[in-house]
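Listed in order, the protein sequences are those of chains A and B. Just so we're aligned, residue 9 is where the first sequence starts under the working numbering, counting upward by one. Just so we're aligned, residue 9 is where the second sequence starts under the working numbering, counting upward by one.
These are calculated hints, taken from the structure and not from any lab test. Any given hint could turn out to be false.
The list cannot tell twin chains apart, which means a pair is met if one copy fits it or any two copies do.
[Stated by the list, open to error] Result set (DSBU-like, lysine-lysine): computed pairs, CA atoms no more than 35 angstroms apart in a straight line:
no. : residue 1 : residue 2
1   : Lys250    : Lys94
2   : Lys112    : Lys186
3   : Lys157    : Lys94
4   : Lys80     : Lys285
5   : Lys250    : Lys116
6   : Lys157    : Lys80
7   : Lys206    : Lys186
8   : Lys94     : Lys285
Here the structure is a predicted model, which means the values were calculated and not measured.
Now for the letters of each chain:
Protein chains: 2
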Amino acid sequence: MIRPTTFIDSIRLTRYLRQDVLLASETFQHTGSFKFRATYHLASNIPNRHVLAASSGNFGQAIAYSCQLLGKRCTVVMPDNSAQVKIDAVREFGATVCLIDTRKISRKEKVNQLSRELEDVYVASSYDDDLVIAGNSTLGRELAALEGKVSTVVVPIGGGGLASGIITGLRESASTIKVVGAEPLLANDAARSLKAGKLICDTAEARTIADGARTLGLGQRNWEILKTAIPGIVEIPEDNIKEAVRLLYRFANLKVEPTGALGLAALLTEPERFRGKAVCCVVSGGNVDAEVYRSILAEGH
Amino acid sequence: MIRPTTFIDSIRLTRYLRQDVLLASETFQHTGSFKFRATYHLASNIPNRHVLAASSGNFGQAIAYSCQLLGKRCTVVMPDNSAQVKIDAVREFGATVCLIDTRKISRKEKVNQLSRELEDVYVASSYDDDLVIAGNSTLGRELAALEGKVSTVVVPIGGGGLASGIITGLRESASTIKVVGAEPLLANDAARSLKAGKLICDTAEARTIADGARTLGLGQRNWEILKTAIPGIVEIPEDNIKEAVRLLYRFANLKVEPTGALGLAALLTEPERFRGKAVCCVVSGGNVDAEVYRSILAEGH
């Protein structure tokens with residue numbers, strides 16, 4: 009059911025960056041991001057007939073569609089100020105959307121409350137769950153096929169679900185490919201954790217344009233995998249995230265969301281780290297509001 | 009060397025249209041459009057060391073890159089009011105760009121003049137050439153693999169190079185898949201030709217946003233193939249072209265140029281023609297200026 013990633017190499021991008029770069033795009037995965045790998049695996053491997061999750065983004069759509077495909081019920085807790093298109097997308101996939109005023113109740117409190125009320129329900133985290141990591145490991149196994157052609161994979165980091173999954177998949181395939189993380193400078197909890205050698209979490213959501221990386225911290229399970237396997241995390245200024253979105257538009261015909269552009273943005277931010285290496289940038293997703301996308305394109309003029 | 013097309017099916021797009029639709033995207037072909045299929049085949053199969061063409065769009069980039077790959081010289085005649093990004097792209101691929109003031113000399117006159125001056129030169133038409141049709145037929149052979157799953161392929165029509173190539177490839181594969189054309193209403197010379205049973209050309213370039221379909225008429229070779237093989241051509245209002253660009257953005261994460269959206273736009277324009285059929289829309293290319301793309305997205309609000 010999971011779609012293979014779409015590999016794209018653009019000679020114009022490679023020449024522009026003076027850097028061998030291959031893109032592994034998850035923008036054409038079901039529901040438009042890598043999240044479906046995790047949610048479909050999760051929903052297929054639990055006995056429960058109902059899945060409950062909090063998400064204002066890609067995880068919500070992905071878990072809703074996975075449950076619809078598998079004939080399970082799904083409830084997604086979303087802030088009532090979420091973009092209407094995102095609420096609509098989750099509903100289109102048959103899930104019940106529970107809108108909350110986050111000034112009155114946190115997502116976590118609402119999930120806890122609902123988990124007591126709903127029957128036979130599984131509470132799904134979008135990253136801190138072994139089933140999520142196992143689902144995302146399917147991308148790691150695909151990337152392992154690049155052995156010999158690519159030495160380094162650059163992966164966006166939010167909660168760490170994607171990076172830990174890719175590392176797991178590469179390990180299962182006995183791959184020697186290295187994983188480097190890419191995180192917004194404004195939400196650099198993972199980079200700080202790695203430097204400190206212990207899990208550090210932010211106390212407030214960062215205002216980075218990369219909304220998939222606004223998580224307060226890595227999950228415990230993700231941290232355990234990342235802390236030994238990641239040689240470093242590139243911390244990316246906002247301007248480079250936007251510039252990477254524009255370069256993918258211009259040179260690769262790829263529509264990506266800001267979080268999805270973090271991998272390429274890492275190459276703009278620390279070119280010397282990657283010089284001479286054959287790099288694959290994972291583009292994690294493509295779902296971005298037209299309004300946001302237009303304003304990013306406009307800044308390029 | 010030619011990249012296989014990228015098949016994308018979006019459940020959200022299918023549900024929105026209430027119509028089974030598969031996309032065959034050429035936006036990730038080398039140089040961002042199907043044109044590379046034609047130019048690489050052409051440049052590989054001529055003895056000449058120099059290729060000359062007139063193009064302000066995708067053909068110019070594609071022939072320039074093909075010649076660069078094959079170590080041949082390339083000269084592209086472009087109007088001096090062409091978008092700078094397009095001129096730059098052709099130059100990046102090593103071609104000599106010859107800018108002309110089209111009020112003083114036509115592209116055709118300049119090409120004729122240069123063809124007498126340059127040595128060992130092949131003058132390439134972007135559609136009316138057997139090698140171009142043969143190059144584009146590679147896409148028809150790929151589409152033939154959809155036999156049994158898809159009954160109708162919808163193809164943008166400009167000069168007719170893509171449609172005649174696809175028909176040729178499908179025939180070579182003994183496919184029963186039908187080809188329907190998609191043409192801007194403002195540049196409906198092919199539709200008028202089909203109705204009249206003879207090749208009709210416009211006298212002035214139409215101002216359709218689908219710039220790849222602004223050609224004055226079908227090529228003679230393309231017409232000979234299309235006239236017996238195409239059951240009909242859908243004539244598409246400008247608004248539907250733009251709406252199709254937005255739907256591909258929203259539901260398929262696909263960045264396409266207006267001409268590339270013609271196939272999907274045909275489904276919006278004559279839904280009853282396709283109802284109940286399994287349709288594949290060919291997305292011919294993705295190269296669109298950010299300015300134009302932004303304004304199309306903005307109109308959706």
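Let me make sure I understand: some of the numbered hints might not hold for this structure. Which ones are they, in numerical order? Number 2 only.
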